[in-house]
Every structure is written in structure tokens, then in C-alpha cells.
Amino acid sequence: MKTKFALLAILAMFAAACGDDGGTDAASAAADCEPGETDGDLSFYNWAEYMDPALIDQFEAEAGISVEYTEYESNEQMLAQIEAGAATYDLVVPSDYMVDTMRQENLLVPLNFDAIPNVANIGDEWTGPPFDPDNEFHVAYQWGTTGLGISYDAWAALGDEEPTWGWVFDPELSGQVAGGVAMLDDAPEAMSAALKYLGYSIGDVMTSGNEDAIREAGALLKETNDRLTKYDSVSYADDLVNGEVDVAHGWSGGFAASLFEADAYETHVYLIPKEGAVRWVDTMAIPTTVEAVCSAHAMMNFLLDAENGAALTNFVYYASPNEAAIPYILPEILEDPGIYPDAATMAKLEFIPQAGDLGLLIQDLFTEAKG
Amino acid sequence: MSIGMQTSKGVGRLLKINAWLVFAFFYIPMIVLVVFSFNASQRVNIWGGLSARWYPEMLRNDEILSALENSLVVAAISTLASTILGTALAIALDRYRFRGRGTLEGVAYLPIIIPDVTMAVMLLAFFAQAFRFLGNIGPQLQLGLYTVVISHIAFNISIVAVVVRARLGQLDPALEQAAQDLYASRWKAFRLITLPLILPGILAGALLALALSLDDVVISAFVTGPGGTTLPVYVFSAIRRGVTPELNAISTLMLAASTVLVLSSLFLQRAPKQERTTTKEDS
Amino acid sequence: MTAPKLAPDAAVRKAESRRGVFTAMPAAIYLLIFFCTPLLIIVAYSFGTRTATGSTRLSGWNFDSYERIIDDLVLGIVWRSFWLAGLTTILCLVVGYPFAYYLATRPARIRNILLVLVMIPFWTNGLIRIFAIRFLLGSDGPVSQASSSLGFGEFRILFTPTAVIIGMLYSYLTFMVLPLYVAIERLDWRLVEAARDLYANGGKAFRKVTWPLTRSGVIAGSILVFIPSFGSYVVPEILGGAKTLLLGSYIARQFGQARNWPFGAALSVVLIVAMLIAVVVNQRSAASELTGSSS
Chain A
1 MKTKFALLAI LAMFAAACGD DGGTDAASAA ADCEPGETDG DLSFYNWAEY MDPALIDQFE
61 AEAGISVEYT EYESNEQMLA QIEAGAATYD LVVPSDYMVD TMRQENLLVP LNFDAIPNVA
121 NIGDEWTGPP FDPDNEFHVA YQWGTTGLGI SYDAWAALGD EEPTWGWVFD PELSGQVAGG
181 VAMLDDAPEA MSAALKYLGY SIGDVMTSGN EDAIREAGAL LKETNDRLTK YDSVSYADDL
241 VNGEVDVAHG WSGGFAASLF EADAYETHVY LIPKEGAVRW VDTMAIPTTV EAVCSAHAMM
301 NFLLDAENGA ALTNFVYYAS PNEAAIPYIL PEILEDPGIY PDAATMAKLE FIPQAGDLGL
361 LIQDLFTEAK G
Chain B
372 MSIGMQTSKG VGRLLKINAW LVFAFFYIPM IVLVVFSFNA SQRVNIWGGL SARWYPEMLR
432 NDEILSALEN SLVVAAISTL ASTILGTALA IALDRYRFRG RGTLEGVAYL PIIIPDVTMA
492 VMLLAFFAQA FRFLGNIGPQ LQLGLYTVVI SHIAFNISIV AVVVRARLGQ LDPALEQAAQ
552 DLYASRWKAF RLITLPLILP GILAGALLAL ALSLDDVVIS AFVTGPGGTT LPVYVFSAIR
612 RGVTPELNAI STLMLAASTV LVLSSLFLQR APKQERTTTK EDS
Chain C
655 MTAPKLAPDA AVRKAESRRG VFTAMPAAIY LLIFFCTPLL IIVAYSFGTR TATGSTRLSG
715 WNFDSYERII DDLVLGIVWR SFWLAGLTTI LCLVVGYPFA YYLATRPARI RNILLVLVMI
775 PFWTNGLIRI FAIRFLLGSD GPVSQASSSL GFGEFRILFT PTAVIIGMLY SYLTFMVLPL
835 YVAIERLDWR LVEAARDLYA NGGKAFRKVT WPLTRSGVIA GSILVFIPSF GSYVVPEILG
895 GAKTLLLGSY IARQFGQARN WPFGAALSVV LIVAMLIAVV VNQRSAASEL TGSSS
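Chains as they are written, first to last, in this note's numbering: chain A, 1 to 371; chain B, 372 to 654; chain C, 655 to 949.
Bear in mind the hints are in silico, worked out from the structure with no lab data behind them. What you are looking at is a predicted structure, and each value in this text was computed from that prediction instead of being measured. We put the beta carbon where it would ideally sit given N, CA and C, even for glycine. Mixed in with the good hints there might be a few duds.
Said to hold, decoys possible - If you want the footprint, here are the derived chain B segments under chain A, 3+ residues with CB under 8 Å: (1) 488-496; (2) 499-507; (3) 584-596.
Claimed, not checked - So the derived list for chain B, only partly shown, Cβ under 10 Å to chain C, looks like this: (4) Asn389; (5) Ile399; (6) Leu460; (7) Arg468; (8) Ile483; (9) Ile521; (10) Leu602; (11) Pro603; (12) Ser622; (13) Leu632.
Unchecked claim - With a Cα cut of at most 25 Å, we get these calculated DMTMM-like pairs of lysine to aspartate or glutamate: (14) C:Lys862 with B:Asp543; (15) C:Lys668 with B:Asp552; (16) A:Lys222 with C:Asp725.
Kindly generate the complete structure, drawing on both the sequences and the hints.
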């Protein structure tokens, strides 16, 4: 009897759950907030190690609310929690393609830019990106690139030539890297690097659904697999600095942090290959799980302040999209071409678009490449 | 007690060598870890002289302290609850025949079998649906530390049950039967005979549960809510940025804490242990 | 396992059954709510549809995700994982059984000290232990430095299958040792003694008496080792350099990067069913063997 009742209750719950497919639309209209206005404590969900704790303290003191700060490890982990809708988060930091995904799945609340006057500090190049063409849902937080870290010794052995993806993909060149080569364990990034080496534009291939190009890049990845020392998206920079590998595919900020911590500027460097590379941006956005929508706007505005934006970059070593912040950023960061590439390099950088149906093919080819 | 030691000399020596090799295997990485937590250098793999500076540094880190507190709460509650529930389950499965026993037995093994990620995803989906359902009829709930506790209990019940059952399976039911005749009360027979006999199994199960709870990253990361970061989740993200001496210092403290815990559990166990030895020799 | 107790009449049997249900009830209810229901949800997901952006639609139920599993790519991953987990289990048993035997046959005082020594590393965070191993095996780590200073040249073992096996052994050996220890410690040594008198040969006595009597520990230990190694992904990712994809990583990938929850769910369901069959078959054979030897 009791078991039957429990079963019924569970079935009822399950049925209720299945029927309720769409997200909550409680907060889909743009919020009506004044700049700096707060409406309760803020629940901030951000990447691990991506914030200067002093800034949180400062915001709490200025705004008079407390911040519940929680960290995640990947876009997908954050997305899973937001999709589940089972926890209140007022502010999240999705990367570019993830903004696209969340936007299409109605998981983001449109922003009220009147409440974020400091958005004017963001450089023009950041407006209307492919992942949010109408600038409705995001403000840029920090940005960086995906390139190659290398030891100066290995670079010298390669003849100090201009940096190229060939160090990874050309058997002749990579054969000259004595200490081994590592790639990111990330299908879209690995695929993008291969596409760049083959001379394709990532954006064109993805938007035109050019499967042949993707298969060609997949075959290249498969050929390369045997020569690689490892795949790693976690300790790629430490592996480089510690001599585990001599060439590593990875994200700019990770290399910057490791080079700084190990004081390895004399021995290692982060470079962007001549064929061009991936550029990415992490953004601030308000998910539909929001409760304190004005507090979230207030936090965005606070972080986009010139000095606060600089403090963030000075702490996390990623580049700031905040142009007004530049005077306050440490000169060694501004002068590091690995963090702030020159204009010519910038022109060769591309975002990875949301891959849509090609996503599965890319994952499969990467899986196959690993054998 | 010495009967079991009558193995032939050659075999005995091999056993001994194997044991010390295993201990060396267990301990060399641990020792390296402890030594390097006293490394003055910022770089983990370069020795920069002896220094304890990472310890105060670590204790000033609010994030570490709150993660530590969260972890201890989760580990303590989930270990206690799963030990009680798991032991009862093991006893029921081993000692009684009732309807649905077979099904229950199968279900009891499942949580061990399921990969972490799957368990994490299914619990997250479950909590989401359950909260939506409950939200319609009353309480508005959200993920938090308590959902981590619930999830840890869910996988630890099985762990405890399996270990306790391995112990129960070897007990002679006649012993309990005799005790029942002797003491008349079932509960008394259980308390005085069965419980002391299976206590090592229960403790082993509880220790396993505790270790798994303190180790879990994946499930905790999925089902935790705002402010509910546990120490392993923190450590995992810290490791992403490379192993720092600070991290080695945390590990060393965890190591020290577990040493103290194991020692104190042994100390607490001492009294019943003597009792058990006598029962064994009398039986 | 153990023979059911004698139940002289229906009333006693009924009381017995009630007591059993009562004892099992709390855990059963807990598992029903917090385990079986979530499990149902994941089964439902496995029949769902993945949208282009990677979310899961719970309608238009289909078997597509199950069909993908028979793909050679997936079967290759499954086979590799199975092989590696099996090897790990056997290694753990080969090293762990004599180790547990040694522990269990020490005098009580020494035994307790040794047990503490076993527990301490086990309680240290698994991730940190794996990183300690990684540091040890690294090309400029202590092992490599020692080997090159002894003239054996640089030691390159990290990011090879050997490193993965070492890491798995390090991670899961205690899972094997604990149940084995519990089983061996409970052995009735008089039986072993009698067997030794009977067979005169230590090996034979072990095969005929000690081993069968500790089988429950062997099974529990093997299950506790095989299962996490089969689904393991931290060790192969960190020590193996993620070069060979194993099932654990592959499933994790479906719920993460690939955002293909139906496929991840289907893989999980198949894995669960396969494991369950293995456990049941193992148990059946163990049970029949036990009854066979006792009659």
C-alpha cells in the first residue's frame, strides 16, 4: 500500500516534470532598475580563480548587500545548473559560444543598459559579436586567445621562425621538438587549430556547414595523435613551464599565470601562430534563475568601472575589454603581446561560433582522432 | 591469535616483502607531498629551502576555510546517516527473507555501479524536477549544501551495506540463534553478539563512506548550490591552476586530520575489541 | 549466501518477514526516493532527443542513442576500458590479497598500527594523491632525477598506459584490501589448520579452504575496484595524458563538452545493465560454489 502510494507520488512528480519543458519566464522582460540600485543580496556564479576577492569586498561595502560567490569549472557545468533552474544565480559568466546557446534556449534575461552606464567603457570592437548580434544579453568581462606556448630552447631549435601551427601539425617541424607537444583536450579548440593550419576560416566553415573541411581537419588530428605527448586542458601551462612538454596548445591567461608564478619569462613564451588563432571572450549575463535583478546590474556596472576593471585584469592576467581601464592596468600586462596582441595579429583572430549540428561531428572526429 | 601465523617461512618472507613494498608505494608520494608543503619556493617542483609560510597563508584564505567547513559538515552527516541506513540494510538483506528482497538487493548495488558523472547528472535532474513539483504545492527550495549531503548518503548507503554484508556473510547464524536462546530478547542478542562481531565491518564501511565523501568532486560540483563549494571542489579548481605549495599545505593538514581521526576511532574501538577477542576465543 | 534460518511455521515466517521489511525500510525508502527516481529520469533521458544547441527534449522518444552504441568507435572505447579495468582488478588482487593476509595475521597490536598506516593515505584526497604520483613520475621529478644521476637516463613513463596502471593501482588498492582484510580476519583458523593437516600441502589447503572462505571478500573487493576503474576518468586524464579515450571520460564528455545527454544517458544505462549482469552472475556462481562445498 505504502509502496504504491510512493510510486504514485513519484509518477505524478515525473509527469509534472515532463510536462514542464520550457524554462521559467518569470523574469524575461528587461528589468527596471536605476544605476547602482540593489534589490537584495547577490548570488554570483563565476569561473574558478576569475575574480579578485578584494573587488567583492569593495562592492559589498559600497552597495551595502552581501555577495554569495560560487565557482564553476566549465561552461557546461554552469549551463547544467541554470537549465535545471534549481538554484538562484543572479549573475553568471558564460563564454562567447555559451551566450549563444543560452540565448537560443531562453535562459538569459535581456539587460537594461540604462542601469549599466559604465558599458560605455567597453571598446567598440566588442559590440555586436556573432554570438549576440543585437547586444541584448551580455557585457564583455575578460578576453583572451588560444595559441601556443613554447620554450625558447625549442623555438631556437626550430630556427626562430615565425610561430606556426605547423609546430603541432607538420610532422617535420614537430619532430624537431625534442620535449614533446601537447594539445588542449577540447574538441572545438583542437578542431579550430587544425582548420587554421589548413588555411580555413573557422567562422566560414561553421556557418556554411562545410563538413568536408571539418573531416579534413579531423583526419589531420588523427594523423597528429601519435606524435603528441598528451592532451590537457587543465595543466597545459604548468606542463610547459615544468618541462613536461616543449610546445603546448592553450589559453593565453593560463600561460600568463603560470609564467608569472614560476617566473619563467626568460625561458618560455606564449605566441599566436601566423595562420591566425582563436579569440574568445567571457561575458557577464543574467540567467533566468535571477532573483536580485537590479543587484546583478549594479555588479556589472561596478565591474565595468575603469579602475575596478583594471584591478580585475591586474589580478587574473587576462585582457580587459574595458578601454577606460587601460591607464590603470599594469604596464607589464599591457606590454605582454601574449595578453594584448598587436593590431596585425588581432586581425587574424576569430571567435569559435556555436557549432549547432556540426557539434556532434566535431566531437566524434576528435574522439576518433584519439583512437 | 598466533594460529594464523603458521605459514611456511618462505611464504612468510614473501608476504612480508610484499607488505613493505605496498607500504612504500602508499607512502612515498605522501611523504613527498608533506616535504614539499614546507618548500619556500613558489614553484612546486623546485626546492627553495625550508619554510612553513604556506600554512598561515592558507589559513588566511576565507575560501579555503569555508570550503573546509562545508566538507566537514557534508562528510560527518552523510557518513553517520549512511552508516546507520547501510548497516540496517545489510542486516535485513542477510538475515531475513521478505517480499521484494531480491529487488532491493539489486537496487542496493546500483549506486556503486553508476559512474560519477551519470549519478551527478541524474541527481541534478531529479532535484530540479522535485523542486519544480514542490514549488507548485508549497515550499520553494533550491540547491545547497543539503542536496550534497542527500546525494552523498545515496551512494554511501550501498558502500556501507556491501562492506557490512561481507562481514555478516561470514558470521555463523547459529551464534546469534544461541544468543537469542540465552538472552531471550532479540535486540539484546543483536547488541551483545552480532553488533560487536560486525563492528569492524561497520567501521570499515563508515571509513570508506567518509573517504568517498571527502573525495567526491563530480557529484558535489553538480548538485551544490550558491555558497556550497566543498574542499575537494575547491582543490580541483586550484589544481587546474597548478599544484601550489599552498595546496600541498592543505593536503598535509588533511593528512594530519585523517591520521588523528583514524587513531581516535581505533582508541574508541579499543574497549569492544577486547570483548570481541574473548568471544572469539570462547566460541 | 547464508542459509535462511529455520522457519518452523507460517506465523514465525510472517513475523520474520515483517521484521526484515521493518529493518530494510529506512534505507529502501531513501534509495527509492533519492536513487531510483533519479535513475528513472536518466532512463527517460536516454530515449530523448538532442536539439541542435545540445539541450534535451523529452518528447519524440526514440532509440537513436542506443543505436549509436554499436558503432565501432564506441565499442572500441568500451573494450579498451574493460581490458584496463580488468587488468587493474587482477593487479589489485595479486598485490592486495597477500597484503591483506599479512595484515590480518599479525598480532592484534601490530595489526591495528598497520591498519592505521593503510587508512591514512586512503583518506587523503584522491586528486592530490594522483598529482603526487604525477609529480613523482614527471620527467624532472625525483624518480627521473635519481635514474639519470645513476646513469639510466631520463625516466619517461608519464602519459603512458603504464603510468595509468600505476595510478589506478594506487587509487583503488585500498578498496581491495579493506574487504579482503575483513574477510581474512574473520577466518576460522581452526579450519585452515585442519585443512593443513588434511592436505599436508600449504598451497592446496589455501585453495581448498582459505580461498573459498574469503571469497566474499574477494568478490566485494573486485567489485569495488573494477567498477570505479571501468568508469575512471581522472587517472587516465592526468597520468595518461588523455591520449587514449576511456569510457568514463567518454560518458563525462557527453554530459559536458559534447552536450549529448541522451547519448550519455544511454551509455550509462547500458553500462549499468552490463555491470548488474556481471555482479549477479558472479554472485550466483559464488553462491552455488559455497553451497556445493558445504554439502
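Fill in: Hint check, arginine 468 (chain B) versus chain C [nearest Cβ-Cβ separation less than 10 Å]
Since the shortest Cβ distance to chain C is 5 Å, the answer is holds.
Fill in: Hinted contact leucine 632 (chain B) with chain C - closest CB pair below 10 Å
7 Å, holds
Worksheet entry | Straight-line alpha-carbon gap lysine 668 (chain C) to aspartate 552 (chain B), limit 25 Å | Judged against 25 Å, a Cα distance of about 20 Å means the pair holds.
Worksheet item: Given the proposed pairing of lysine 222 (chain A) with aspartate 725 (chain C), does the C-alpha separation stay at or below 25 Å?
Response: Holds, at roughly 18 Å.
Worksheet item: Quick one, is the isoleucine 483 (chain B) hint okay against chain C at 10 Å, beta carbons?
Response: 6 Å, holds
Worksheet item: Is the hint on isoleucine 399 (chain B) kept, meaning its closest Cβ partner in chain C is under 10 Å away?
Response: 7 Å, holds
Worksheet item: Are there three or more residues in the region 584-596 of chain B whose C-beta lies closer than 8 Å to some C-beta of chain A?
Response: holds (count 4)
Practice prompt. Hold the hint about leucine 460 (chain B) up to the distance rule: shortest CB distance to chain C must be less than 10 Å.
Written response: This hint holds: leucine 460 (chain B) lies near chain C, its Cβ roughly 4 Å from the closest one there, short of 10 Å.
Worksheet item: Under the criterion that the straight-line Cα-Cα distance not exceed 25 Å, is the pair lysine 862 (chain C), aspartate 543 (chain B) satisfied?
Response: Satisfied, since the Cα-Cα distance of roughly 20 Å is no more than 25 Å.
Fill in: chain C contact restraint for asparagine 389 (chain B) - C-beta distance below 10 Å
5 Å, holds
Worksheet item: Holds or violated: proline 603 (chain B) as interface residue toward chain C, Cβ cutoff 10 Å?
Response: 6 Å, holds
Fill in: Given coverage of the region 488-496 of chain B by chain A, tested with a Cβ cutoff of 8 Å and a minimum of 3 residues
holds (count 3)
Violation of the numbered hints given earlier is absent; every hint is satisfied by the structure.
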